[in-house]
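Starting from the known structure of chain A, fit chain B onto it as the hints suggest.
Here's the letter readout for the chains.
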Amino acid sequence: MTGRLPGLQQAVYNRPVLFLYASRRILLLALAAFMASSALFFLLRILPGDAALNMAGLEATPEQIQATRHRLGTDRPLVMQYGAWIAGMAGGDFGISYFNKLPVSREIGRRLAVTLPLSLLAFALATLISFPVGILAATRRRSPVGIAVSALSSVGVAVPVFWAGIILVWLFALKARLFPAGGFPTDGWADPGAALLSLVLPVVTIAIVMSSTLIRYVRSAILDVLAQDYIRTARALGYSARRARWRHGVRNAAVPVVSIMSIELSTSLLGAVVVENVFAIPGLGAMLLEGVKTRDLPVVQDIVFMITFFVLFIGFIADMAQRIIDPRLRRGKAAEIPVEEESAARE
Amino acid sequence: MKRARTLAIVLISFTVFIALASAGGKAEADKSGKVDTNATITVGSTYPPVSLNEIGGGSQGITEAFYRNVYEPLLNLEDNGAITDGLSNGHEISKDGLSYTFKIRSGVKFHDGSPLTASDVKFSFDRVLSKDSNSARKTDLSVIDKTEVVDDHTVVITLKQKAQSFLYFSTYVWIHKDGAANLEASENGTGPYTLADYQAGTSLTLVRNDQYWGQAPKNKKVIFKYFTSSTAESNALTSGQIDIITNVDSPEQLAAFKGNPKFTITEGKSTTKQVFAFNDTRKPFTDVRVRQAISRGVDKAAVLKATWDTYGRLIGSFVPPQDPWFEDLSSVNAYDPVSAKKLLADAGYPNGFTFELVTPSTEIHQLSAQAIKADLAKIGVTVTIKLVDPSAWYEIVFKNRDYDATLQEHVNDRDLIWYGNPNFYWGYDNPSVQQWVKDAQAADTPQEQVADYKKIAKTIAEEAASSWLYLYPQLRVSASNVTGYSADGKNSAFYLAKIEKR
Numbered sequence: 001m002t003g004r005l006p007g008l009q010q011a012v013y014n015r016p017v018l019f020l021y022a023s024r025r026i027l028l029l030a031l032a033a034f035m036a037s038s039a040l041f042f043l044l045r046i047l048p049g050d051a052a053l054n055m056a057g058l059e060a061t062p063e064q065i066q067a068t069r070h071r072l073g074t075d076r077p078l079v080m081q082y083g084a085w086i087a088g089m090a091g092g093d094f095g096i097s098y099f100n101k102l103p104v105s106r107e108i109g110r111r112l113a114v115t116l117p118l119s120l121l122a123f124a125l126a127t128l129i130s131f132p133v134g135i136l137a138a139t140r141r142r143s144p145v146g147i148a149v150s151a152l153s154s155v156g157v158a159v160p161v162f163w164a165g166i167i168l169v170w171l172f173a174l175k176a177r178l179f180p181a182g183g184f185p186t187d188g189w190a191d192p193g194a195a196l197l198s199l200v201l202p203v204v205t206i207a208i209v210m211s212s213t214l215i216r217y218v219r220s221a222i223l224d225v226l227a228q229d230y231i232r233t234a235r236a237l238g239y240s241a242r243r244a245r246w247r248h249g250v251r252n253a254a255v256p257v258v259s260i261m262s263i264e265l266s267t268s269l270l271g272a273v274v275v276e277n278v279f280a281i282p283g284l285g286a287m288l289l290e291g292v293k294t295r296d297l298p299v300v301q302d303i304v305f306m307i308t309f310f311v312l313f314i315g316f317i318a319d320m321a322q323r324i325i326d327p328r329l330r331r332g333k334a335a336e337i338p339v340e341e342e343s344a345a346r347e
Numbered sequence: 001m002k003r004a005r006t007l008a009i010v011l012i013s014f015t016v017f018i019a020l021a022s023a024g025g026k027a028e029a030d031k032s033g034k035v036d037t038n039a040t041i042t043v044g045s046t047y048p049p050v051s052l053n054e055i056g057g058g059s060q061g062i063t064e065a066f067y068r069n070v071y072e073p074l075l076n077l078e079d080n081g082a083i084t085d086g087l088s089n090g091h092e093i094s095k096d097g098l099s100y101t102f103k104i105r106s107g108v109k110f111h112d113g114s115p116l117t118a119s120d121v122k123f124s125f126d127r128v129l130s131k132d133s134n135s136a137r138k139t140d141l142s143v144i145d146k147t148e149v150v151d152d153h154t155v156v157i158t159l160k161q162k163a164q165s166f167l168y169f170s171t172y173v174w175i176h177k178d179g180a181a182n183l184e185a186s187e188n189g190t191g192p193y194t195l196a197d198y199q200a201g202t203s204l205t206l207v208r209n210d211q212y213w214g215q216a217p218k219n220k221k222v223i224f225k226y227f228t229s230s231t232a233e234s235n236a237l238t239s240g241q242i243d244i245i246t247n248v249d250s251p252e253q254l255a256a257f258k259g260n261p262k263f264t265i266t267e268g269k270s271t272t273k274q275v276f277a278f279n280d281t282r283k284p285f286t287d288v289r290v291r292q293a294i295s296r297g298v299d300k301a302a303v304l305k306a307t308w309d310t311y312g313r314l315i316g317s318f319v320p321p322q323d324p325w326f327e328d329l330s331s332v333n334a335y336d337p338v339s340a341k342k343l344l345a346d347a348g349y350p351n352g353f354t355f356e357l358v359t360p361s362t363e364i365h366q367l368s369a370q371a372i373k374a375d376l377a378k379i380g381v382t383v384t385i386k387l388v389d390p391s392a393w394y395e396i397v398f399k400n401r402d403y404d405a406t407l408q409e410h411v412n413d414r415d416l417i418w419y420g421n422p423n424f425y426w427g428y429d430n431p432s433v434q435q436w437v438k439d440a441q442a443a444d445t446p447q448e449q450v451a452d453y454k455k456i457a458k459t460i461a462e463e464a465a466s467s468w469l470y471l472y473p474q475l476r477v478s479a480s481n482v483t484g485y486s487a488d489g490k491n492s493a494f495y496l497a498k499i500e501k502r
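Sequence lines, in order, name chains A and B. Quick note, the first sequence lines up with residues 1 to 347 if you use the working numbering. Quick note, the second sequence lines up with residues 1 to 502 if you use the working numbering.
For reference, chain A alone in the conformation it holds in the complex (with noise of 0.2 angstroms):
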C-alpha cells in the first residue's frame, strides 16, 4: 500500500514533526503542573479546617495552639511555604507529616507498593476482558452474544464501585469465604501469595466497572470504523472480511480508544481511593482520605500532586501514541510546519 506519494510525504516530515509535538507538548506539561501546584496548595489553604487545631484537641488553650501552628510552620506567610514545599519537591523532599511526622514520601511509597498493583492489575484485566468482548460485541452485533454484552456493559456503567464491591464481599468473602473481606498483610508483599489474594477481590471490583466503560467504546469505535468507505474499498480490493477489520479497522479504531483507555488508566488510580474504603487495603486513597480529615496538608497536597501529575502524564503519553498509531494526526494537528516547508520547496 505504499509507494503513492503522501506515504513518502510522511516519512519525510514524520520525526522532526514528532519531535517538536512532543517538546511542546513536554513544556504545556510542565506548565500545566506548575499551574496545578499552585491552585492545589492555595486552595486547600482556603479550606476551612487547621491541623493545628485538630492536633491541640478540645482542652487547648490559645497559647497552645498558637505553639502547635509555630511548630508545624503554618504560621509563615503563605508565599513561603508554598516556595518551600516547591523547591523541596525539586530536590526530591515531599515534606512531613504533620502529625506522625514521618516523611510523606516514603509513606507514600509505601502505600503506593499497594495501590499501583491493585490499579495496574484492574486495568490489565479490564483491557484483557474489554478488547475481546468489545470486538466481539461490535463484529455480532445482531446476534444474541452481541445484544447480551451491551445490555450487560450498560448495566456495568451505571454500577457504582463501591456498591459493587460491597456485593462482591458479600458473596465472595462473608457468605463463599474464598477471599479475605478486605484488608492486605501488615507484612506487605513479603508472603506474594498472601498479598495478591487480598487483591483479588478489589481488582475484579474495579475491572468490572472499568471494563463495562471499555467494552462499549471498543464496541462503538470498531462498530464506527466498520461502515467506513476504507473498509468496503479494501474488501473491494479483495481483502476477506477478517482482513479488512484486521488491516485497516484495528488500527483506526484504536486512536479513539488510546483516548479512553488513558482516562481510563487515571480512573482507576483515582477508583482505587473508593474501593481501599471498601475493602479496608491500606493504599494510597486510605491515606488521602485519612489525611484529608485531620487537615494533614503536606500529605493531602503530595499525594494530590502526584495524582494529578500522573494523569497529565498519561493524558501526554496518549496523545503521543495517537500520533504514533494514526500519521493524519501528526500533520493536521502540526498542519503549518509541513505547509510552510511545502511552500518553501516550491519557491
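The set of hints was computed from the structure by calculation and includes no laboratory data. All residues carry an ideal CB built from backbone N, CA and C; glycine is no exception. A hint or two may mislead.
To be verified - One side only, chain B facing chain A, incomplete, derived with CB under 10 angstroms:
| # | residue |
| --- | --- |
| 1 | 50 |
| 2 | 80 |
| 3 | 131 |
| 4 | 133 |
| 5 | 137 |
| 6 | 139 |
| 7 | 199 |
| 8 | 227 |
| 9 | 228 |
| 10 | 232 |
| 11 | 234 |
| 12 | 235 |
| 13 | 241 |
Chain B only, in chain A's frame:
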C-alpha cells in the same frame, strides 16, 4: 469462531487461577476450651494513632494502643475510675496539700533494659508541661510548680496551689526514659508489651515483654488493624480476620452480630457526652429562658433512640457516671413542649425563631440534628442544619465561635471545668460557677470537692448552659472465644494484658 474460543480459554483460565489462589486462603480456628497463652489477638479499631507521641495532640488512637500496654503512669486509672498503684508503690501528701512524694517501684526495666529511676519520672512530668506539648491534660497539670529527684526511688512534686484532682491528673503522664527522643517512630516504655511493628494509619503490632515486672500478659501478640469504614471492620470480624472491635460506631454495625453465638456484644459505660451546645454569647441564647425552652423542646430519649437504638443513657448534665460527682440530672429541663412554648413566649418569642445548627458530618451528629429539628418545629422553632466536616468544625465553632448552636461529642471525663471558662467555645459566663471551679480544685477534702462539682453540674443544668443529649454507649463486639477485656471505656484506653483466647 477461533477468537471466541481464545476468549473462552482466557476467561476459564482466569477463573481457575482465582479458584486455585483462594484454596490456600482458608484456615479454621482450632477450638479447644483451653486458654492459649501464646495466642495472637487481632484488634480492629477506627482510631489509627496520628502519632506514637502521645503529647503531639490527637491522642485517642495512641491511648487505645499504648496506655498501660506499652507505657505506664505512676498511678493507674482503672476503667471503673479507681486509681491504683502503677510504677509508684506508695505516695504521701503533705499536710498543706502542696507536695506529693512518690515512691518509685524498684526492679522495673525499660524495654531497652535500663532500670527505672526517679530522673525518668522527672523527665516525663517536665515533658508534658514543655512548650511543645499538646497533652489534653496540660492545662490541668500546669498546677505543678516543680518536680524534684530526692533519690533513685523517690520523687517530690510541688504544686503551685492545692489541687484535689492532682493524683487523678497524674495518671495521664506516661513514664518515659530520661532523655527519650524519636518518640514519633519508636517507643521505650516499661509496659507489658513492646512495639514490634508500626505502619502509620494501617496497623500496629505489640508483642509480650518477657522482662515485665508485673503479671505476664495472657496472650503473646496483639495486632491493631485500623479501618476507615466500619462496614469493612465488621466484615473483617465476620470473616475471622480480626477478633474484636473496640468501638462500635452505630447500632447498625451490631445487626450482623446480634443473636449469633459466635460473637459476644458488650455494652459498657463510656465517658463520651453528646453535647447540643448553644452559643451562650449570641442572641437569643443569651437568655436563660430561651436555652431552657430549647432544652425542654428536645425529647432526648427519642434522640438517643434515633441514634443508638436501645443503647446509651440520659445524663442531663456534663458529668459521666464514672466521675465521683455524678448525679442523674436528666429530670432537669426534661422534655416538656408545653412549658417550652411558655418560656419562649415569656422571653419574647411567642412565634418562635430560627437558628442554625452547625453539625459535624458524622452519622451520629446528623441523626441527632434531624431529631432536634423535628422536635423543635413542634414548638415553633425552625432549625437549619449546616453540615461541616469535623476539621472545619474546629475552625468555625471552636476558634471563630461563628455559630448559633452546634453538636459535639466530648470524650474526656472530669471535664466539667470548661463551664467555668467564659472563653471556651460555648461562652457560658457565670461568676459563681467560675468561683466554684476554683474552690473545687483547691478543696481541702475530696468530699468538699465533690460537693463543689455537684453544685456546678446542677447549676449549669438548671440554667441550660448547653443541652446534654445523652452519654454514648461503649459497645464492643468480639469473637466469643475471646474474653477478658473491659466493657467500659475510659478515654479510649484498652487494656490488653488480660485478654484471653481459647
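Which numbered hints does this structure break?
2
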